[in-house]
Each structure stands twice: as structure tokens, then as C-alpha cells.
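Participant: Each chain, written out:
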Amino acid sequence: MRISTSMMFDTNTQNLQQLQTGLYRLQNQMSTGRRILTPADDPVSAAQAVVIGQKKAVNSQFVDNQGNAASQLASLESTLRTASDLISNVMVRAAEADNGNISDTSRLALAAEITQDFEQLLGIANSTDAMGQHVFAGFRGETQPFAVSGSPGSRSIAYVGDDGTRQLQVDTGRVMDVSAAGSDVFMRIPEGNGKFAFSAGATNTGTGLLGASSMISGYNDSTYKLTFTAPGVYTLDVTTNGVPAAPVTGLTYTPGSDIVLGPVGQQVRINLSGTPATGDTFTVEPAANQDIFTTLDSMIKALNASVSTSPATQAAFKNQITQIRLNLDQAYDHLITAQTSIGARRLELENLSVAGADRDLQYQSDLSKLQDLDYTQAISDMANHKMVLEAAQLSFKQVSQMTLFNYL
Amino acid sequence: MSTGMLSIGITGIHAAQLGLEATQHNIANANTPGYSRQYIQQSAGIPRLSGSGYFGSGSHVDTVRRAYDKYLTVQTFAAQTAASESEAQLAKLSQIDNMLGDPSSGLAPALQDFFTGMQQVAANPSLVSARQSMLSSAQALAGRFSAMSTRLGDLYDSVNGEISSEISLINGYAQQLADVNGQITRAQASTDQLPNDLLDMRDQLVAELNKHVRVTTVEDSIGNFNVFIGNGQQLVVGSIVNKLVPINSSTDPERVVAGLQGQSGVIQELSESLVEGGALGGLMKFRANSLDDTTNTLGQIAASLALTFNAQHALGQDLEGLNQTSASTGFQANFFQFNQPKVLVGAVGASVVTASFLAPTGDPATGNFTTGLTGSDYVLRATSATTMTLTRVSDGKVFPATGSAGSVAALNALIVGEGFSIGGSAPTVGVDYRIEPTRDAARNFQINSTIAADVKRIAVGAPSTTTLGAANTGSLKLGQGIVSPGYSLANVPKTFTYNQGTGTFGFTMPASGTVSATYADGTSLTIAAGSINRLNGSSELTRITYNGISIDVSGVPANGDTFTIAANINGVSDGRNAVKLAALQTQNTMEGGKASYQGSYASLVSGVGSVTRQIKVSGESQAALLKQNELARSAVSGVNLDEEAANLIRYQQAYQASAKSLDIASKLFDTLLGITN
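Sequence lines, in order, name chains A and B. Residue 315 in our numbering is what sits at position 315 of the first sequence, and the numbering runs on without skipping anything. Residue 277 in our numbering is what sits at position 277 of the second sequence, and the numbering runs on without skipping anything.
No wet-lab data here; the hints were simulated from the structure. What you are looking at is a predicted structure, and each value in this text was computed from that prediction instead of being measured. Warning: the hint list may mix true and false statements.
What the hints assert, rightly or not - For each label pair, taking beta carbons as the anchor points, the in silico distance ranges come out as: (1) A:GLU113 - B:ALA470: 27 to 37 Å; (2) B:GLN340 - A:ASP374: 24 to 34 Å; (3) B:LEU198 - A:GLN20: 36 to 46 Å; (4) B:GLY262 - A:ALA391: 53 to 63 Å.
Unchecked claim - Only pairs whose alpha carbons sit at most 27 Å apart, straight line, appear in this in silico DSS-like list of lysine-lysine: (5) B:LYS616 - A:LYS369; (6) B:LYS627 - A:LYS386; (7) B:LYS477 - B:LYS456; (8) B:LYS397 - B:LYS342; (9) A:LYS56 - B:LYS594; (10) A:LYS386 - A:LYS397; (11) A:LYS55 - B:LYS594; (12) A:LYS397 - B:LYS627; (13) B:LYS616 - A:LYS386; (14) B:LYS477 - A:LYS195; (15) A:LYS195 - A:LYS301; (16) A:LYS369 - A:LYS56; (17) A:LYS369 - A:LYS55; (18) B:LYS627 - B:LYS616.
Cβ coordinates follow ideal geometry from the N, Cα and C atoms, glycine included.
In isolation and in its complexed conformation, chain B is listed as follows (with noise of 0.2 Å):
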């Protein structure tokens, strides 16, 4: 009997010893991430028949057990791949957004100082200071465009640099995470108890691996944690990891991608779209969505600007009287230098395909510049020596060159809107060329290096006049004339005649060339003799077009009055083309008309001012998800101290009941030696 009470006693004391260590455990990991609080699960021994009906055996500890909800967990999981992929899409998305919010280092002042400089040209166009002015501002408009777009490739890089680091923490993690399998495997293989802390830390470092990228758990039957990236790509089966690795993505070779390593050594390329979730994902989603379109649209506004403003500035004729058909070289059509598009080839060896700018469309005599040039990237595939498709990888949509007439010429034709052509080589079938019109363009503006060392080269100036004959009698007017891409200065001087009988402007039609008469009806007729009626029907001459200069025509002239055609001589003062060029600041010059440069620029703004704001709000939202869940989780598997203090207490004082009746059974035994004493 005494021997029943000494053991039930011993039992008592050993469950409290046990509860007080898990308590002390609990205390212990207050603060470890992770952790489930643990407790014993205690049971009352297997009762003893006695002659007076079962007894106890005093207590026993089944297991250790912890608190544990799978389906909380699992859902925290998921909660904080979110959030972390929106966290690291905030962190680089409010780089860009701070640095087009900045009211003094965005574009927008850069581009309107260049054109008040401009303005000024026009004004005082001999002025050589009000040149040298426009050309700091110039300059310091190259010089923008070239910080931000450099700002822009610094992300570029620390996105590359930092998917490569992720990726080695992720493979930390995986390589950790199949050990702790095996652990667990061989742990519960020799008993049937759980490894509570071998689980806990693999739970955790589920979630470590989920702060970095989505993966998927799936447990087998031998209690090992499968792991999942991707649409199903094995990351973890067992204990053996398959790597992730940074590669160069094959369609672009400047841009890091995570391939995954196969136990046979073939990588196999993730394509970025199937990388979702954690840092990675969030890195992944940042330069798909945001960097490369605001790169490009940057480019654009670049791109667009070079190629309108030379264009209209190859019109003009600078102080020392040279122009697009001077004899004399020297003049400079270009005022912006620029790189022609990239093309990244797709495999080695294969033939090397060129892209470039096409010359905006449109007549400064009836409107002004345009380019369709987009903010896109482009795939160019020849899927047979006849059939090539060109596909725009914003929309996807498709320009086919197909049947037997394809070829880079049949496509040119296509993508004649798209502001750009293909020329170089045909292109290898079954090669991806990716060609990006845009993406340097920022980073490559500069001024032309003749013009900048030599600011008289600004070509302000028309090359042409007019001149109304020093005899007229009648009220014929004449506009100061306009030149249009193409126009000839070999046929001038060129004096036109006013005949009053026959009502016709007489002139010596010129060998070459061509010459139209336009009236107040927009009835535009071709001249081929040398005569040009007043009115046509009851329609006046409204404009005279020679050899692409265009003269408005006003008045009633009397009978002899003439007018000259002649080439600028000495015009130091003309500003006419000055006017032109700072009036492209408020024309509709990109998207083939339908923005300017600085309605561009402010949709980039708000572009990635609203992306940043959706990222922020469904950011903010995921985490208040995931605090919410990881309240939830506490709320079953952490730790309160309170409650252990408790348990402490509860414990010592089951403790020293049990040592108390130790003691009695013992006082008893004393008192039957007693007895026989």
C-alpha cells in the first residue's frame, strides 16, 4: 500500500516536473517566431483492482503537445506572400513615384525652361547669348532626361542584383527546409511522438520561404513537406532541393530571371509572370509593370521629342545662312543626336536585324510633326522565310507579314503607325528578336555636338523670302512663306507675274520640280505651265507651293505687279523657324497626333502615381489581412505570459502536493518502523 502511495506520489511530482518544463519552454520562447505554445497532455494512470474497487495509479504525461491550428497557419502563409510581394513592389514603386513627384527634379520644368529658351531665340534670333541660353536649357534638358532614365537603370540593376539575392535566400531556406524534413521523418520514425519544435520551425520556414516567394506545401505520407513555385515546379520533394538560379532571360539578356535547376543539371527558365508572391514576385511584378513602362514612356517622350524638333529644325537656316541645300556643308539638320532602336537578338548566330526611327509624318505648312512612335517593346519572329509576325507587347497585337509576299517589306508597310521600321538582315526563323524603340532613348538624348560647340548652327531662320516687286500698284499681300520636308531652293530666284487681262500669275516653269496653286475653297490644283489663275471659279489664291515653299497669297494685285521667290540672304534676324520650333511645345506631336510632349509626360505621372497608390492601398489592406490572421494564430499558438505565470504556480503547487504526500508516505513508513521498534 505504502508502496502505491510512494508511487503515485513520484508520478504526481513527475507530471508537475514535466508541466513545469513545458511551461519553462513556453517562457522560454515567448519571443520566437513561430512558436506554438506548448503543454503536456496528462492523463490519470490505469487504476489498480483492489479489494476495495480500482485505485488510481496517480498521473501520467501522454505527450507533449502544441497548440496548433493547420488551416490558421496556412492562411497566414498566404496572407504574408502578399504582403511581402507588395511591400517590395512599394519599396522600388515610391523610387520612381518621389522621382517624378518632385516639383523641381521631374521633367516638366526641364522641358518648359527649353522651350522658354526657345521663345527667346525667336525673339532676338541674332542674339547669340539667347542661343547659348537655349542651349544650357537644352543641355539641362539632356541632362534630365539622362538622370532619370539613369535613376531608372539603377533600379534596373538593384532589381537584377536583388532577385539574384533573393534567390540565394530562397535556396536557403529550401536547403533548410529539407533537412528539417529529414529530421522529422527520422524523428518520427523512432517514436510516435511529434517533434513539435522540428514542425514549428519547418512551419516557419514555410512562411520565410512565402516572405520571398508564393510556394505551395503538400505534405506526404510520411509526414515530409513537399514544395511547390510556380504553377507546380518542384522547389522541395523530401529532402532534395532543386535550385532556383539567376539566368539572363533568354529574350533579354540584360535581365535577370529565376531558372530552376533540375537534379539532371538542365535549367529550366521561370518566365516572370510564373514567379508570383514574396519579394520576388513583388520585384518581378515591379519591373514588368512599372519599370519598363516608365523607362519606355520616358524614351518616348525622348525619342518623339528628338525626332519632331530635328525635323522641323532640319527645315530652318542658321546665322551664317546655311541650310538643308546649301552647296556648303555644314549645316546641322540635327539638333538632338539619338540611338537608333535596340534589337536584342534571341539565339547566337543567328542574323542580325536593325530597326530604325522612321521621319515623322506631317507638313509644317498645314500642321505640324507627328510620330506614332509607342512606348512599347516589340517581337519580331519569322516563323518561315515568308511569314513573319510582329507582335506589339503592350496589347499583343499582331502585325502579320504572311503568304508569299511576306517579307520585312510587306511588314514595314504594317507597321508603318508604329513610328519605327525593320531593315539589316531577314531575320533567322525561329528567332525571337525583341526590339525596344524606346527604352535608351532617354538615356542617349544629347545635343548635337557641332551644334553645341557652335551655337550659331541653331538654324532659326527660314530659307527662304519673299519680296513683293518694288512697282506693285495693287494690294497684293504675301506671307513670309514656309518650307516643307523636300522643299528645293534650286529653281530661285523666282518672280511671278500678274497678268490682269488674263487674271494669271505668269513664271518661267522651272526644269524640275512641282508647283501647285491652292484656293479659298481647298481646292489644290498642279501647275504644269507657267500660269497660275487668280480665281479659280469664283475661289481665290489663297497659296502658292514651289518646289515645296509654300507662299500665302492675299489681295487683289494690279496689272504687272510681281513677287519673288528668293533664298534668304543675310537674314540675321529671321526667327521664323524659332516660332515654329517652340510652338511644338503645345502641339499634339506623339501618338501620332494625339498628345504633346508634356500631356505625355503628366499620363506618366499619373500612371505611376496611380499604380503606386493601388500597390499602397492593396498593400495596406494585406497587412492588415495578415495581422488579422497572425491575431488569430496567436490567438490559439501563442504564448501568454500570464497564463504561464499561472501555469507555474499551478505547477508548483501540484509539485509540492505530490512532494507533500511523498513526505506523509514516508512519515507513515516511519511510523510502522516504529512500531516494530
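One chain only, chain A, in its complex shape (with noise of 0.2 Å):
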């Protein structure tokens, strides 16, 4: 075969072009540490990369969330600690009220005492979180959601927050309540044992003391209502689902023991002790909501009361501070449930994020298959594209000198 001289020059630039192509690329690949510099290179993973990318932006937005979800549930939780325990301390000082030997004077200082609790309750349930906003005012965050009036023992509250609960996205698919708006922290409490509340009528004159109140099967939302005719008799009044049944009349009562009330499959067990008067009345009825403040309200307007050496008016206190002492441990109750509900969401986050970080590793070294570079083949692929460049640069040099024309 012939081969023309420029023809020679010609294959031998181009060779050496191709050559230092190469090594740019390599050196590109080396100094940026990606594979693939543009997508051309490797259009599959490219797109993968773009995908995985954002699966990965995605998921580290959650982890932040969870963080962020975390924080703010660890902040309620502990406001609801606080809460608890306080509630848990009054529920002492309750317990102590109960105590038939205390004195009057006892008794206002015990008051006092709670006054000043319901006023710290007060500045939990309006406490305010790092960006001023109030906790527990549903969406209402700039709004104090609690309203007090009156002066203690005869206050009213109002609630002027909403029922909204602050929400974020803490996983695909996952949309986790991060607070807990105050109607239903401290207002929608049920009152008595949760399903009825049993109480004594406020004009008695005796001295019926109501004792435990439980459900032996069921409750049926009747309104039961005892009214002692004579000494030892009463008379039952039944209204279900507000159709008042024919009164009983004529039923004995024998202090100190229970009493069974409604149809076989839904009955109740009240008890009673003491001796009421004729008139004296006890109810039976479903329970109601009351807020925790107006349980510390009754209960410091209850302490405040005179009581005298009137065994009526001793009875009056006792069986007011049984109402109050059930409502405590009711709101008790909804707090701590508040806060385990909290807990599990805490430990359901924690899960998340173990996962989250699992996930972002596998993102990352996915990633990292798709795009990073292996430097120990690149750099073996170096040292070979090196020598032949400097082969290919060293023979043209050769062959380029060799011409007939040199021994003319």
C-alpha cells in the first residue's frame, strides 16, 4: 500500500489528538472525582443520579422533620410533665383536705396554696414556645389561649384557642400531630369516674357521704336519682335517654352498703354511707366535661368554705372534695395519656430517623456506585494513556525525520 507523507501527518495528528482526549478526560475524571462528567457518559445513571438524588434530599428533609417533630414533641411533653406533676401535687394536697381532723385555717392555707398552682397551671397552658408562639392555641399560635375571669374560687375560663393540631410530614406517607391544642389537653375532661359522676344534692341537710362509684357491666347514660323519704327510705327516679321511668318508691337503704343500679348487662354500683336526711338527694349521672381549672377553682372555693363542727356541713365538704379528688385523678389521667401518646410518637420518630439514617447510607452509596470515580483504575488507565502518548509522540518524531530528501 502506498501512504502518501500528509496522509502520514495527517493519521499521526489525529492519533495523538485521540490520545490527549483521553488523558484530558481522565484527568478530568481524577481532579472532579466523578465518573460521569456529563450524562453522555453513562445516560442511565445519570438519570438515576438525578433520582437518587432527590430520594436522598427527600429523605434527609424527613430526618430534619423527625429532628424537628422530635424536638417540639420533647418540649410537650416535658410542658405536660410539668402539668402532671403539678396536678399530682394538688392531688396530695386534696388527699390532706379529705382528712376529717384539719382545721379551717389548715384549709385556707391549703388554698392558698392552690391558688397559686392554678395560676401556674395558667402560665403552662399559656406558655409560649422559642418563636413566641402559643402552645397550646391550636393554629391560633399568636392568640393567649386561655381567658380567666373572676377572682379565685369563682372564676370562669374560656378557651380561645382552636382544635387545630400543628402538623408535619415526617415520612412518606407519614403526617405526625406536633402539638396538642388546649381544648383538648385541659378542657375535654369527662368528670365522677369517667362515665358517671355521683354526687350529693347541693341543699342536703344529712350526712350521706358518697363512697366509690364504679360500672359492673355497663352504663347506659340513665340519670338515677336517690331522694330519702323518710330515715333509711328512698326513692328512685330513672330517666333513660330523657323518658323518666315511674319513681320506685319505698326502697331501704342500709348505710355503707352498696347500691346496684340499672337493668341486668348495664348496671352500675354506687355506695353510700352515713345518714341522709328526709330531702337529701343523690344523683347519678353522665358524666360532663369540666376543665382542670375549674376543678382547682371548686376545689379552692371548697377550702375556702368555712366548715364548722356540723357534722352536715362536714359531710358537704367531704363529699365535695370526693368529686373533686375523682376529678383530679381524671385530668391525672388525660394528662399522662396526653403524654404517653406523645412518648409513642417520640419513639416511632426515633425509629424514623434509625431508618432515615439507614436510608440516606444506602442513597449515598448508591450514589456513590453511580457516579464516584475508581481512582485505582483511573489512575492505572493514567499511566497506560501516558505511555502511550509519549510511544506514539517519540515514533512520529522518528518517522517524521526519515525523508530520501536527507541524501540528496
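Fit chain to chain and form the complex, with the hints in mind.
Facilitator: Spelled out as C-alpha cells, the structure:
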């Protein structure tokens, strides 16, 4: 085959250029650490890298949100724990007040203490977070949620927040509540034993004392009213779904014994002791809601009232305290339930963030597999390319010098 | 006898001289592109009869030939035009490839930052600084869209410019070729000898033409090359040139295409697919296959993002409590601003047809918003007053609205899945309207300026709230409420009260609006009177939808328990809509619910990458083929300097030998003269 001189030069130039392009590419890969310099190098991997890159970023956003949610929940939990500790303290005081030997002075001192507790609890309920947002105001973060009017012992409380709970997306398909509305935490608490309230009439003159009350087999939301018509004899009025039944008269009362009310299968048990006077009433009715503040305020009111040595007023006081203690139990349970639910969410968050960290690692390693340069391979390729280029340059130099004209 | 000797010597000298000339010519043109090595064709002179037989009369140079193989040359042309096409295409394509591939300048990080900003707003709805930072990332996203589309626009402009300059180069070569045609025919007419260098020059001109566009040549009877372009359009006939002219495409005035100007002056538009090969073909292919696609897909992502994000944003409530239903103005439904689809009219004076995006479909209460917008262009053509078709350019699918009822409205009903509708005047019969829904969408992608000026206008909250009655004793639980498009707050607050006896939620039926109930088994009932059964058969009530406000219901209410749907007042800490907006990132919002924003971008990246890779690979193989062809051609036609050096010596020696023979003849003559002396 004939070789034309200019073709020899052209071919050599082209070959050198190709080798240099290869070297440039390798050098570029090595200086950036990226295997894929442009999508054309590996279109499928480049697209996967975009998709996995987004998954990784979304995942780390979720991990951020989880951290954010965890800190909000932790702060909420600690606020609620303060509140439940406070209620627990009030429960001890209520137990003290329930002691029959306590004097009026001591009761006043207790009342003063509970008044302080009331203020503290109100402070907790109206507390703000680091951003100045009211924690328990629902969505109305800039509105102070609990407004109190009146003086201790006759206060009324209004909730002016809403029922909103703030939410964060903490995982694909998982939006988590990270706040609790004050209406839910402090307001909607059932009284009595949670199902029904057993109370003594406000105008009772006897010494009938409320005892334990419980469900035997269910409660059909009926109202049972016991009216004493003579010592040791009472009439039972039953109202079911707003429909009064014919009164049952002439029932015999045995002090300290359990009374079972309601039809079979929906029975409740109450206990009454002492000696009710004629005309005294005792009622079992479905539990309504009573907010914590009203419970505390009614306790302050009860403690502030002077209890003379009259057995009737003592019995009335004792009955009030019995009810208040039940309500405090309910409030305490309610706060603890809220904390438990938060604890469960925090546990979920911990699990999620462990899973999130695992996923992050997985995405990172996937991305690295797709994009990152194998340096061992690259360095070896570089040495190889370099050698070939040097050989090409040297051989070109020598071949190009060989011409017959040198000898003419 | 001696005269014979002298004349033979002279012919030898003459032949050697011509040989030397040809060799020198070869040496001088060793590096001339397209040059074919020349050599003399030498033959012995006609013998002269003498008594002793036929004696030679010396040497004779018949002609000077070029070492030339027609087939190798034509093969080189073909390889050249394909290689040049790939090269031009690749040069442009790698600009897009680099832009998409750069991890910091691509769309992916900007999109991610934007949604991260949204998540932060969701976490801190009342924090103005979080909103500000989300706005900044939105502006960065808009900036990225605009930078990328500007870059693509620049490429578009540069393709237009390069097409014009390619065309003028082609015209230049065509003119030169026509001139050389003339010179060759004149040269051949006067003698029978071939003008080798002119032929080389003409071949070289065809080669140059092929670098710019694929041409075919046919040699006519008198030796002219007639040059054809496209599928047989005459570019050069003998010495006459039909000029190519850059013209604006009839379908798209912003698109420069090639037109062929005949001798009568009429310009015939050459469609893009006709112009193949060479740099011009490469540019056309790049523009039609890659640039349009990339621009449209980017626009598709921008428009889909704007449409779906705006649709969800419109259902929110801003920091000042304004929402879509507020009596006072100021609520900003749209977070992003964008332009409606572009409609290009194919003829002057035709009626004005407009196109507009359809609102995304879907309901956030049950899923997410989706738009069916595609990345394709469309051509609308009315063939009569009641017959019109819309053709999707990407795959040629035709939507026909024909028959007596054929109208724009009928057509709009057919194309509802394409994400836009047609409006304006009825299309003029016989005129092509080119509709480009997404072409400029990325360029015009902006943040609503009112929101940009006041971040409180970002609708982060939701317009409704639900509240359980304070005296509720049952375990009734409510969802936070989700509003659907077209929701109304006209009849709230609305309280629902549970009646244990009848097992229903009672409420006052609003004068207008709709109420429906959904049960666990999926049954949905429209409620006509003010009472909703808690149980449908044994299936429990799961959701109440009141005038577009959906409330999830669970738990067992006690008798008399209530709940209330109300407007969201002072709800500054509400981030419900922000959570919904942020969730759009990972949802399938595009292509009718088949792709996410980032997924579409990833397929754009891989699409451009694949095409680039394919062109790169085919370009390399075409370059290798070209090299082989050139090697083969140069093996025949190329100049080898060593060979020429040998030829120099050969002819020098021949010259010297012939001169010596003359010398001897002269000496012989002298000898004869000496005798007479």
C-alpha cells in the first residue's frame, strides 16, 4: 500500500489528539472525582443519580423534620409533665384536705397553695415556644388561649384557641401531629369516674357520704336520682334517654352498703354511707366535661368555705372533696394519656430516624456507585494512556525525520 | 543519422523535463487538500524504417495523468458529509449535555431547595423568616428555569445564525463550482487533454460542499457536474447556480430554514427533513430532535409545576387570614406566574386563535393535582368550517373534530387530556396554527410579584377548622379538614349534633351547596336533608364533605356530642397547606399522574445523555470510516515525498543520460567535421 506523506502527518496528528482527549478526560475525572462528567457518559446512571439524589434529599428533609418534630414533642412532653406533676401535687393536697381532722386555718392555707398552683397551671397552659407562639392555642399561635375572669373561687375560664394540631410530614405518607390543642389537653376532661358522676345534692342536710362508684357491666347513660323520703327510705327516679320511668318508692337504705342500679347488663354500683336526712338527694348522671381550671377553682372554693363542726357541713365538704379528687384523678389520667401518646410518637420518630439514617447511607452508597470514580482504575488508565502517548510522540518524531531528501 | 541521434536525445531531455515538472508539481502540492498525484504518461516515438529495420525515434510524453479513483472519491464524500453532520450536531448537543450534567447548575438542586424551603415553612408557618427563605429558594428556582431556557434560547439563536452562515458558505462553494464547471468545459473543448488540477479543484469543492450539506453530483455529457440537494433540488446546473437563502419557516416565524431560489426568483422552502448531512443537516437535526425537545420538556416541567403548585396554593389561607372565598381582596391564588401557550399563525390576516392551560385535575382530599400537559407542539388546521384537526407533533396523533358538530368546542372535548384548550376566534380555513404550549414556559416562569413583595401572602394555612363540642363525652375524633377546589365558607360555622336515638348527625341543611357522606366500605352518599347516618348498613361513617370541605370522622360519639366546621380565624400557626404543597414534590403530578417533576427532569437528562452518547459513538465511527476512505483515496492519489525524491533522481538521471547522448552526437558530428579539415 502506498502511504502519502501528508496522510501520515494527518493520521499521526489525529492519533495524538485522540490520546490527548483521553488523557484530558481522565484528568478531569480524577480532579472532580466523578465518573460521569456529562450525562452522555452514562445516560442511565445520570438519570438514576438525579432520581436517587432527590430521594436522598427528600429523605434527609424528612430526617430534619423528624428532628424538628422530636424537639417539639419533647418540649410538649416536658410541659405536660410539669402540668401532671402539678396536678399530682394538688392530688396530695386534696387527700390532706379529705382528712376529717383538718382545721379551717389549714384549709385556708391549702386554698392559698392551690391558688398558686392554679396560676402556675394557667401559666403552663398559656406558655409560648421559642418562636413566641402559644403552645396550646391550636392554630391561633398568636392568641393567648386561656382567658380567666373572676376571683379565685369563682373564676370562669374561656378557651379562645381552636382545635388545630400542627403537623409535620416526617416520612413518606406519615404526617405527624406535633402539637396538642389546649381544648383537648385541659378542657375536654370527663368528670366523676369518667363514665358517670355520683354527686350529693347541694342542699342536703344529712350526713350521707359519697363512697366508691363503679361500673359493673356497663352504663346506659341513665340518670338515677335517689331522694330520701324518710330516714332509711328513698325513692329512685330513673331517666333513660330523657324519658323518665315511674319512680320506684320505698327502697330501703343500709348505710355503707353498695347500691346496684340499672338493668342487667348495664349495671353500675354506688356506695353511700352516713345518715341522709329526709329530702336529701344523691344523683348518678352521665359524666360531663370539666376543665382542669374549674376543678382547681372549685377546690379553692371548697377549701375557702368555713366548715363548722356541724356534721352536715362536714359531710357536704367531704362530698365535695370526694368529687374533686375524682375529677383530679381524671385530669391526671388525661395528662398522662397525652404524654403516653407523645411518648409513642417520639418512639416512632426514633425508629423513623434510624431508618432514615440507614436509607441515607444506602442512597449515598448508591450515588457513589453511580457517580464516583474508581481511582485505582483511573490511575492505572492514566499510566497506560501516558505511556501510549509518549510512545506515539517518540515514534512520530523518529518516523517524520526519515525522508529520502536527507540524502539528496 | 546524426540528426536522428540529436532528435532522439532532445525527446529524452524533453520527456525527462516534463517528468521533473510533474514531480516538482507533486512535491509542491504534497499538502494541497484534494490534490491527486500527477504523473506523465510516456511512450516510445513512432519508429522510423531504415534498411536495417525500424529504429526508434525517441520518447514522447502523451499526457499528464492524475492518480484518481472515482469510486474512492465519491465514498469519501459520503463519509465526509455524515461525519460533518455528527460533528455539528455533537458540538451543539454537548452544550446541553454539559448544562444538564453539571450537578450544581442543573435543575435538580434548585427544585430540591425550593421544596426544602416549603418544608421549613410547613414546620414554622408563622415565621416570616422561613417564608422569606422559601421565597428566595423559589426565586432561585425561577432563576434556574430562566437561565436554562435562556441558554437554550441562545443556542436556538446561534443555530439560526449558523444556518444563515452555512447557507452563504454553501452558496459560495456552489458559485465556485459553477465557475470551475465552465473552466473545465472550456478547457476540454479546446484540446482533448484533461485539466487535472481543475478536476481536482472541482472534486475538492464537492467535498467542501458535502462538509456543509449532503449533495449528489451527476456528470453531464460535456463534463459538467450538476449538483443536487435534498431529494433532487438543483443547486448547480452547469454554470448556473440556484442560490439557497435563509428564510423564516412558514410554520414558525422564529425558525430560520433553507429556501431554494430558482432562476425565476421564486423561493421554495426546503423542509427540515429534506436538508441532510453536513454541518447544515447537523444543525437542523439538532434543532428538530434535541433543542426543541429539551426546551419543551423543560417548559413542560415549569408549566406543570406552576399549574399544580398554584392549584394547591389557591386552596390555602395566607398569614392575614385571607383565602379564595374572602370578601376582601388581596388573596393571591397563584404563587407562580406563567404565560399561556404560544400560538403561531401560519398566514398573515388569519383569525386569531388562542390557547390556554387547563386547570389541573384532581382533588387534594383524595389524591393530588395532576396535569396532562405534554412536551409536544401541536398543529391546528381547519379544512372547512365544521372540520378541524389538531395534530400532536411528537407522535403524529390526530384529534379530529369532524361532522356537522365539528367545532372548537368539540375539539376541546377531545383534547382534554392534553392539558390545554383552544379559544379565541374560529380558525381560518386552510391555515396552519402551530400551538406550542410549553416552548416559552420555562423562560416566563416567575414568582407572583405581589407574593414576592409580601411573603405573608403565601397561603400556608388551610381555610377551615373543625372543633369538637366542649361537652362531648364520646370518643368522636375529627380530621383537620381538607378543602377541595370550589369549596365554600358561605354557610359556616356549621354545627353537627349526634343523636344517639336515631344514630344520625343532625345539622341545618344550607340553602345552597352540597353535603355528602363517605362510609368505610367506600360508599358515598349525597345528603339531601339535614341528617347523616353514622352507620350505612354496618359500615361506619368515615368522612363528611360539606361544601367542598372534607372532614374525616372516627370514633363513637355520645348522645348530644357535637362538632363544628368553621372558618380558620387567626390560625397563624396553621401549616396544613404547606404540608400539602411540600408533598407535591414526590407525587406524580405530571403527564396525567404518571411522573413527578424530578422524574421528568431525570428522563430529560437521560434522554439528552443518550442522544449525545449515540451521536458521539456514531460520529466516532463515521470519523473512522472517513479516515479509512481518506487513507484509501490517498493510497491512490496522495503524494509520497520519498517516491517523488526517487522520481526526481530518476528524471535527473534520464535528463543527464539524454544530455550525454546529445553530447556524444555532437562529438560524433565534430569528428565528421574534423575529417573534412
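Participant: Of the numbered hints stated earlier in the document, which are not met by this structure?
Facilitator: 2, 7
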